[in-house]
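K.L.:
All chains should be built: construct the whole structure from the sequences, respecting the hints.
There are 2 protein chains.
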Amino acid sequence: MLHFQSHDLDEMNKIYRLNMINSITGYKSAHLIGTQSSEGLENLAIFSSVVHLGSNPALLGFILRPTTVPRHTYSNFKSTGVFTLNAVNAEQIEDAHHTSAKYPEDISEFDQTTLEVERKKEWDAPFVKNAPIQLGCRYLNEYHIKENDTLMIVSKIEHIYLANELLQEDGWVQLEKGNVVSINGLDGYTLPKLLERFPYARPKN
Amino acid sequence: MLHFQSHDLDEMNKIYRLNMINSITGYKSAHLIGTQSSEGLENLAIFSSVVHLGSNPALLGFILRPTTVPRHTYSNFKSTGVFTLNAVNAEQIEDAHHTSAKYPEDISEFDQTTLEVERKKEWDAPFVKNAPIQLGCRYLNEYHIKENDTLMIVSKIEHIYLANELLQEDGWVQLEKGNVVSINGLDGYTLPKLLERFPYARPKN
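Chains as they are written, first to last, in our numbering: chain A, 92 to 296; chain P, 92 to 296.
No lab work stands behind these hints: they were computed from the structure.
Note that the structure is predicted; figures quoted are calculated from it, not measured.
Mixed in with the good hints there might be a few duds.
Identical copies go unnamed one by one, so any copy, or any two together, can satisfy a pair.
[Unchecked claim] Taking lysine-lysine and the DSS-like style, the derived pairs with C-alpha atoms no more than 25 angstroms apart in a straight line are: (1) 284 / 268; (2) 212 / 105; (3) 295 / 193; (4) 247 / 105; (5) 268 / 105; (6) 284 / 193; (7) 295 / 220; (8) 237 / 169; (9) 247 / 237; (10) 211 / 193; (11) 284 / 295; (12) 169 / 220; (13) 247 / 220; (14) 247 / 284; (15) 268 / 193; (16) 220 / 268; (17) 295 / 247; (18) 169 / 247; (19) 193 / 220; (20) 284 / 237; (21) 169 / 284; (22) 268 / 211; (23) 247 / 212.
P.N.:
Written as structure tokens, this is what we have:
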């Protein structure tokens, strides 16, 4: 096995280190976060840091780096209080990745890709049409992670829209049925296939 | 599409809601966290909430629910300051899932599964033998998420052990080369296949 230590990381080329550290922590979810500004300008940005926080209430978190692209996302949901979270399917990966390009605030990523806006009357943020899972989320709080000046955003899931074929009998949502992708590192898009579902684990006798 | 709102979630059967909300936020990474107590008792527990925080310094976070199984994990890394993070490969999924069973503190999950301890002289926590990626992590800080009484643990990656075939020319770690799995919900284990890697996204003219 290869072995790298802290001082090896310190001395690495920046891009090489970005690639390594972003991929070494395993597969990540792929989401497009849709927001709009108080003036109604729409924004869409890819995130791979969504994490489950709890089921009751239904809470999720994600990490925001104040110094990078999704800054418009932040100012938008801070002013409107809401955003959408849209699962990325295999047909959308090229466009989804393109939302990471640095466009000025008055350019909507919806206009620069083939991704289409879907509006729902109950929510003041744009959903992505044909996303197999669409979540309407309300901003609740943020925690400043002082170790590297990032933010952990905490939000509540208030609306779930779900393609019928994903939902299984016991509430489990089978992502494979919607060709939902996961991300390897900064730029590798993968399609997972189910190996097995296990029952609730109990101690052996 | 199906539509569920907050009040639908409030009224759901608990297990049904657990399945739904744990799977609705997309694919998650699969890691075995290895720790030992100050008395040297080893512990191993599966986590699916690891999130990338930054590359320089190399930081990751994960969520800990104080009321559930991995409590031993917490008390151990709080007393020793360190833990290991081991990627789960396709051959290890049944045993990896079994580490979520509630064993008393004096029972090591290594003894209840076929997973084997690998010791490295530079680190006071057990690694999982044959894990395609093994990380030696140091606890830095924790943030109490008051919205649902969970903890976000922040840690620094100090050692990376990596099977040779995973590392690509530009530092990208191709998880597929190690049959690394990802998790769908609480109990679905999946194997991702690479669709495509994209170049750095730049605005279109």
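K.L.:
All the hints need checking, so say for each whether the structure fits it.
P.N.:
We went through each hint and held it up to the structure:
For a Cα distance limit of 25 angstroms, the shortest separation of residue 284 from residue 268 qualifies both inside one copy, at 10 angstroms, and across copies, at 15 angstroms. When the C-alpha separation of residue 212 and residue 105 is checked against a cutoff of 25 angstroms, the pair qualifies neither within a copy, at 45 angstroms, nor between copies, at 29 angstroms. In this assembly of identical chains, the alpha carbons of residue 295 and residue 193 lie at most 25 angstroms apart only when taken from different copies (10 angstroms versus 53 angstroms within one copy). For the identical chains of this complex, residue 247 and residue 105 are inter-copy neighbours only, at 17 angstroms across copies versus 35 angstroms inside a copy, given an alpha-carbon limit of 25 angstroms.
Taking the shortest Cα distances, residue 268 and residue 105 sit within 25 angstroms of each other only across copies (24 angstroms), while inside one copy they are farther apart (38 angstroms). For the identical chains of this complex, residue 284 and residue 193 are neighbours neither inside a copy (32 angstroms) nor across copies (28 angstroms), given an alpha-carbon limit of 25 angstroms. In this assembly of identical chains, residue 295 and residue 220 lie within 25 angstroms of each other by CA distance solely across copies; the values are 22 angstroms between and 47 angstroms within a copy. In this assembly of identical chains, residue 237 and residue 169 lie within 25 angstroms of each other by CA distance both inside one copy and across copies; the values are 20 angstroms within and 19 angstroms between.
When the C-alpha separation of residue 247 and residue 237 is checked against a cutoff of 25 angstroms, the pair qualifies both within a copy, at 24 angstroms, and between copies, at 13 angstroms. For a Cα distance limit of 25 angstroms, the shortest separation of residue 211 from residue 193 qualifies neither inside one copy, at 27 angstroms, nor across copies, at 43 angstroms. Taking the shortest alpha-carbon separations for residue 284 and residue 295, neither the intra-copy value of 29 angstroms nor the inter-copy value of 33 angstroms comes in at or below 25 angstroms. Taking the shortest alpha-carbon separations for residue 169 and residue 220, only the intra-copy value of 24 angstroms comes in at or below 25 angstroms, while the best inter-copy value is 45 angstroms.
In this assembly of identical chains, the alpha carbons of residue 247 and residue 220 lie at most 25 angstroms apart only when taken from the same copy (21 angstroms versus 39 angstroms across copies). In the homo-oligomer, the alpha carbons of residue 247 and residue 284 never lie at most 25 angstroms apart, since the shortest distance is 29 angstroms inside one protomer and 31 angstroms across protomers. Proximity of residue 268 and residue 193 under a CA criterion of 25 angstroms is satisfied in neither setting, with 32 angstroms inside one chain copy and 32 angstroms between copies. In this assembly of identical chains, residue 220 and residue 268 lie within 25 angstroms of each other by CA distance solely inside one copy; the values are 17 angstroms within and 33 angstroms between copies.
Taking the closest pair of Cα atoms, residue 295 and residue 247 never come within 25 angstroms of each other, the shortest separation being 37 angstroms inside a single copy and 34 angstroms across copies. Taking CA atoms no more than 25 angstroms apart as the test, residue 169 paired with residue 247 passes inside one copy only; the shortest distance there is 14 angstroms, against 30 angstroms between copies. Taking identical chains as interchangeable, the C-alpha atoms of residue 193 and residue 220 lie at most 25 angstroms apart only when both belong to the same chain, with a minimum of 22 angstroms there against 42 angstroms between chains. In the homo-oligomer, the alpha carbons of residue 284 and residue 237 never lie at most 25 angstroms apart, since the shortest distance is 37 angstroms inside one protomer and 35 angstroms across protomers.
When the C-alpha separation of residue 169 and residue 284 is checked against a cutoff of 25 angstroms, the pair qualifies neither within a copy, at 37 angstroms, nor between copies, at 36 angstroms. Proximity of residue 268 to residue 211 under the C-alpha cut-off of 25 angstroms is restricted to the intra-copy arrangement: shortest distance 24 angstroms within a copy versus 42 angstroms between copies. For a Cα distance limit of 25 angstroms, the shortest separation of residue 247 from residue 212 inside one copy, 19 angstroms, qualifies, whereas the shortest one across copies, 44 angstroms, does not.
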